[in-house]
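Per this note's numbering, the very first residue in the sequence shown carries number 1; after that it's consecutive.
Calculated from the structure, these hints are not laboratory results.
Hints are not guaranteed to be accurate.
[To be verified] Dumping the calculated DSSO-like pairs for lysine-lysine here, alpha-carbon to alpha-carbon at most 27 angstroms:
| # | residue 1 | residue 2 |
| --- | --- | --- |
| 1 | K240 | K207 |
| 2 | K179 | K206 |
| 3 | K206 | K160 |
| 4 | K179 | K160 |
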Amino acid sequence: MSKEFLLALLSLGLSAHPALSQEQVKPAYSIWDVELGQPLSQARDGDVGAIACGTDGGPPGQELRSFNDYMTCTPEASGLREVYFTYDDEQDYITLALEVAYQFLKGGTSVYAQPVIVSLLVDEAGIVQGRRIVTDDRTSDYDRRNAYTLSRNFKARYGKWSLNCNDVPMQEGEQPVGKLFVHEICTGQSSDGQTRIAIEASYLRKKGQRAISQETQQVNKGYFESQTRYEEVLAPYDPKTLS
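Based on the provided sequences and hints, a complete structural model is requested.
Shown next as structure tokens:
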């Protein structure tokens, strides 16, 4: 089914298709389909959108033609290479064309309805040792404001892991957003000790991010940090946090 055909359906104003199931509009390959400890070759290039070298959870770096080109990426301090990818966007066109009311499936590459940047952490032998999920700042102000709440979904997902959560003290120059200041890091590991995770959430104003412009006395829209960072790795690697 071509994108052109799907967009043509959208232009005709088709109503929601009652027979369309959630399974039919799931991405062909998501970050949760990755099996840690297995070769990167398990990921099929044709099941995803763009592939590139990762930038520590940021926007894509050097574009890759295939997952197999992972050695092109510069290793991190851990020795692992970050391989960024996006979900195949054909499902977005299906969702739009059929006006499917599954909000959690919209927005391209997303987790629990929140736009994210996803990547795999791969060792020199091509074995997937971890996955990294970071909320995407390149989105609407509404999504950005809610980005820190994604941590709640991750904590619920790993509620049986006896997570150890600690608040990070406010640093010099930081301020709350309104009356709310959030900076929390949770860590945990599987019962066998072989898988380790870190979940970091922040909602704050960093040094220099003022709510009101001193020049215009207008609200500085978007002058805040709201982010969730999730990392899962196999031992002996340790998940990375920003604090």
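Within a Cα-Cα threshold of 27 angstroms, do K179 and K160 meet the stated pairing? Judged against 27 angstroms, a Cα distance of about 31 angstroms means the pair is violated.
Taken at face value, is the distance from the CA of K160 to the CA of K206 at most 27 angstroms? This hinted pair is violated, its Cα atoms lying about 33 angstroms apart.
Starting from K240, check that the Cα of K207 is at most 27 angstroms away, please. holds (23 angstroms)
Pair hint K179 and K206, alpha-carbon separation not exceeding 27 angstroms: Roughly 14 angstroms separates the two Cα atoms, so the pair holds.
In this structure, the hints that do not hold are numbers 3 and 4, in rising order.
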